[in-house]
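*Asks:* For reference, the chains in residue letters:
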Amino acid sequence: MYSQGLIGADGATEEDEAFLQAFQKRIDAELKIEPNDPMPEGYRKTLVRQMSQHAHSEIIGMQPEGNWITRAPTLRRKAALLAKIQDEGGHGLYLYSASETLGVSREELTDQLLSGAAKYSSIFNYPALTWADIGAIGWLVDGAAIMNQIALCRCSYGPYARAMIRICKEESFHQRQGYEIMIALCNGSDEQKELAQDALNRFWWPSLMMFGPSEGDSVHSSQSMAWKIKRFSNDDLRDKFINATVPQAEYLGLSVPDPDLRWNEQTKSYDHGDIDWEEFWRVVKGDGPCNRERMKNRRRVHREGAWVREAALAHAQKREERKQTSRMAAE
Amino acid sequence: MTEVTTPLWEVFIRARNGLSHKHAGSIHAADSEMALQAARDVYTRRGEGQSVWVVRSSDIVASDPVDKDMMFEPTATKIYRHPTFYEIPDEVGNM
Ligand SMILES: [Fe+2]
Ligand SMILES: [Fe+2]
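Quick note, the sequences are listed as chains Y and D, same order.
The first sequence lines up with residues 0 to 330 when you count with numbering that gives the first Met the number 0.
The second sequence lines up with residues 0 to 94 when you count with numbering that gives the first Met the number 0.
The set of hints was computed from the structure by calculation and includes no laboratory data.
Do not rely on the hints blindly, as some may be mistaken.
Said to hold, decoys possible - Computed Cβ-Cβ distance ranges for the label pairs, DEER-style:
#, chain 1, residue 1, chain 2, residue 2, range
1, D, 4, Y, 82, 26 to 32 Å
2, D, 62, Y, 277, 50 to 56 Å
3, Y, 277, D, 46, 42 to 48 Å
4, D, 32, Y, 277, 50 to 56 Å
5, Y, 82, D, 62, 35 to 41 Å
6, D, 44, Y, 301, 22 to 28 Å
7, Y, 275, D, 74, 57 to 63 Å
8, D, 72, Y, 82, 44 to 50 Å
9, D, 46, Y, 299, 52 to 58 Å
10, D, 44, Y, 275, 34 to 40 Å
11, Y, 23, D, 32, 41 to 47 Å
12, Y, 285, D, 62, 41 to 47 Å
13, Y, 299, D, 74, 25 to 31 Å
Yeah, the Cβ is synthetic: ideal placement off N, Cα and C, and Gly gets one too.
Using the sequences provided together with the hints, build the complete structure.
*Replies:* Dropping the structure here:
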C-alpha cells in the first residue's frame, strides 16, 4: 500500500522561538525524533494525521482486491493475492502502532475512521471490476505507493521511518505480481489484452492523483518539508512515477490514456495532461464510486467483530483471576 | 464500540540463533497467548524470526529523554575507556 499526499494538514504550532529553533537544529542535523523526545505540537499533529491516514488506507485498501480472492484465475494467483492482501493488513497494523507512539490510542484511530472524521487514500474508492484491475492495482497503485513510501523511509520521525522501511521491503512483490498479471493478459487473446488496456485506462488518472494535488506554495507543505516529514513535493514524486511507468506500459504494448503525454528532452521527464482535481476532491469528500460501500463494510466488520474482542478480553481476565486465586491458595 | 481497551505489547524477534532479540514493533492483544500469535502473523510473514518475545508495553521502564545528558553524557568524556586512547609502538604489531 498506499500512502497519499497528506489530505488537509495543519502544522500550526505554538511553541516559543527558542524551542522551535532547537528542534529545527536537530532535524537539520538529520537526527531522528523518537517517541518521547520534545517536539512541537504541530509536528506531532501532522504526523498523527499523516500516519493514521496512511494506516487507514492500508486497511480500506484490502477491500477492492479482497473482492477478487475467490475469483482468482489460478491457485498461484490466488495464493499471491491472499499474501498481498495480508501484507496490506500488516502494513496498517505497523502504521497504527507507529501512530500510537505519539499518544493516540488504537481505539481513537479506529473511531476516527469509522465515523468518517479521518480520510484515506482516494484510490480505494474505485472499484476493481475485472481481473485485469487486480493487475493494474498491483502495478500502478502499489507502484505509486512505493514511490511515496521510499521517500518516507527517510522521514525524521523514527517509528514512521522504521515502519516504512519494513513496508517497502514487502511492497516490491506487490508491484511485481501485478505487472506479471498484466504481462500474462497482454500476451493472451485480443479480449484479454483489451481487459488490460481498459484497466490501465481506468486506473491511470486515479493513480496519479494518489500523490495529492500540486502544493504550489502551500505553507503546510513547506513546514512538512522543513521538518523532514516529507522530502519531495507531490509533483516531483508524481513525475518520478510517470517516468518509471510509461516505459513499462510500452513494454506491455498498452497506451497510456493521456493524449498530452510527451517526453520532454529538456527536463528529461514526461510532460502530462491536466489532472481532474475536481474528481479528486469529489472522491476524497465521499462521492467516489465506492466510498459508501467501503465504509459500510468497514463498519459492519468492526461491529461483527465486537463480540470476539469482548470475549477475548473476558477470557484473559478470567484466566488472570484464576491465576491469582491459585497463587493465593498456594501461599 | 468496546469500552475496555485491548492491551499493547512490544514485540522482539530473534532473526536466527546466535543473534539477540530485537525490537520489531508492537501489537494489541487480550492476553499473552494471543499476543504471541498476533506477533507471529504481523511480524514474521517472511521467515524474519526463529523466536519471538512479547512484553506488555506498560511493563517497560524507560529512561526519560529529558535526562539524556545526565544519563549518557559522562561516558562521552571518558575517552580512556577506548583502546585508541593508548599508544602502542607499531613494532609491537596488532594489539
Ligand atoms: Fe501496503
Ligand atoms: Fe502493497
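*Asks:* Does each hint fit the structure? Answer for all of them.
*Replies:* Okay, the hints, checked on the actual structure:
At roughly 30 Å, the beta-carbon separation of residue 4 of chain D and residue 82 of chain Y lies within the given 26 to 32 Å, and the hint holds. The given range of 50 to 56 Å is respected by residue 62 of chain D and residue 277 of chain Y, whose C-beta atoms sit roughly 52 Å from each other. Between residue 277 of chain Y and residue 46 of chain D the beta carbons are some 47 Å apart, a value that agrees with the proposed interval 42 to 48 Å. Between residue 32 of chain D and residue 277 of chain Y the Cβ separation comes to about 51 Å, which falls inside the hinted range of 50 to 56 Å.
Taking 35 to 41 Å as the suggested C-beta distance range, the pair residue 82 of chain Y and residue 62 of chain D conforms, at roughly 39 Å. Under the hint 22 to 28 Å, the C-beta atoms of residue 44 of chain D and residue 301 of chain Y, about 24 Å apart, fit the expected range. Against the hinted window of 57 to 63 Å, the Cβ-Cβ separation of residue 275 of chain Y and residue 74 of chain D comes to about 59 Å, which satisfies the hint. Between residue 72 of chain D and residue 82 of chain Y the CB atoms are about 47 Å apart, so this pair conforms to the stated range of 44 to 50 Å.
At roughly 35 Å, the beta carbons of residue 46 of chain D and residue 299 of chain Y sit outside the given window of 52 to 58 Å. A beta carbon spacing of about 37 Å between residue 44 of chain D and residue 275 of chain Y agrees with the range 34 to 40 Å that was offered as a hint. Taken as a hint, the range 41 to 47 Å holds for the pair residue 23 of chain Y and residue 32 of chain D, whose Cβ atoms sit roughly 46 Å apart. Under the hint 41 to 47 Å, the C-beta atoms of residue 285 of chain Y and residue 62 of chain D, about 45 Å apart, fit the expected range.
Distance hint check for residue 299 of chain Y and residue 74 of chain D: the Cβ-Cβ separation is about 56 Å, which falls outside the suggested range of 25 to 31 Å.
This entry does not satisfy hints 9, 13, going by the numbered hints stated previously.
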